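Undergrad: The residues making up each chain are set out below.
2 protein chains.
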Amino acid sequence: MSRSHNQPCPVAASLNQLGDMWTLLIVREALNGATRFGDFQRNTGIAKTMLSDRLDQMVRDGLLERHDIGQRGVRHEYRLTRKGRALVPVMAAISQWGNAWLFGEGQEPIALVHRETGEPIAPLRPSDAQGQSFEWRDVRMVPGPGAAPALKTRFASIPPNQE
Amino acid sequence: MSRSHNQPCPVAASLNQLGDMWTLLIVREALNGATRFGDFQRNTGIAKTMLSDRLDQMVRDGLLERHDIGQRGVRHEYRLTRKGRALVPVMAAISQWGNAWLFGEGQEPIALVHRETGEPIAPLRPSDAQGQSFEWRDVRMVPGPGAAPALKTRFASIPPNQE
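Sequences listed follow chains A and B, in order. Under my numbering, read the first sequence as residues 1 to 163, first letter to last. Under my numbering, read the second sequence as residues 1001 to 1163, first letter to last.
Everything labelled a hint here was simulated from the structure, so no lab data went into it. Quantities reported herein were computed from a predicted structural model and do not represent experimental measurements. Here a beta-carbon is modelled for each residue, glycine too, at the ideal position from N, C-alpha and C. Don't take each hint at face value.
[Said to hold, decoys possible] Computed list of lysine-lysine pairs in BS3-like fashion (alpha-carbon distance at most 30 Å, straight line):
| no. | chain 1 | residue 1 | chain 2 | residue 2 |
| --- | --- | --- | --- | --- |
| 1 | A | 83 | B | 1083 |
| 2 | B | 1152 | A | 48 |
| 3 | A | 83 | A | 48 |
[To be verified] Pulled from the structure, derived: some chain A residues nowhere near chain B, Cβ distances all over 10 Å:
| no. | residue |
| --- | --- |
| 4 | 21 |
| 5 | 36 |
| 6 | 65 |
Please model the complete structure; the sequences and the hints are all you need to start from.
TA: Rendered as structure tokens:
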């Protein structure tokens, strides 16, 4: 995977670790309980050499931890780190988008549900620190405390996104 | 971009349209008001031929609409469709993950805030249809109404994700 985004932006920086299509499918599998090379390979259909590269990269990036389990024929288990597990909201947002726009109501191949009640989760909504939710159109991106001066200048010149 | 995921899964299907790292950066720019080839090129640093390919693909995928504005030297504007704009929650989830895990508190290059109050949005949380929120660890993936039989079988064999 080329790592070509060096912009000070959390989207760009995240895509350096997630941008490869396979990475998020491996996360999907790990969230669903896969731990072994063969599980990942079977469930994603990824070629073995590429899977091997991706797992190595994900270990280097701190998304997966490799544990040597020393069993004959199965040497390693891969487990999501906290950083990897923190991708659940990303997976959920992508799943909801895909279900809504690529499959449609009643055709969803995968549903996200509450573990105990089995009820589907609602479309994600933004909320403030007090838990008050509002609409996505009320959200905008602004420079954060770590923004480089060039980014602040650029944002100053962009009109607020109208809708 | 290769389109190699033919699994009946909203993550896999979404990654076919989003998996290329550049696609989400183009969405980021469009959300921030970019409409013209030069805007996208300048703000992402993407090579011109690749940008041209990506914009064409995103128009074919229904993420962007191309409008001929007939001005000398600037022939087209690109605007997000409803489907493209529906990626805001995906961008928000990725931004929050990147800010938290790749930059850290106080170093965030970009913040997501309420348009009017300027207050940062809280980390996304799942909620049910009544707006009651719960924890991400209480969410699991299950086969949806459009799941193929093989997927149902596979899920039946996977133990619930423990944590």
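Undergrad: State for each hint whether it applies.
TA: These are the hints, each one checked on the structure:
{"no.": "1", "hint": "A:83 x B:1083", "result": "29 Å, holds"}
{"no.": "2", "hint": "B:1152 x A:48", "result": "25 Å, holds"}
{"no.": "3", "hint": "A:83 x A:48", "result": "25 Å, holds"}
{"no.": "4", "hint": "21", "result": "3 Å, violated"}
{"no.": "5", "hint": "36", "result": "13 Å, holds"}
{"no.": "6", "hint": "65", "result": "14 Å, holds"}
Going down the numbered hints, you'll see the structure goes against just number 4.
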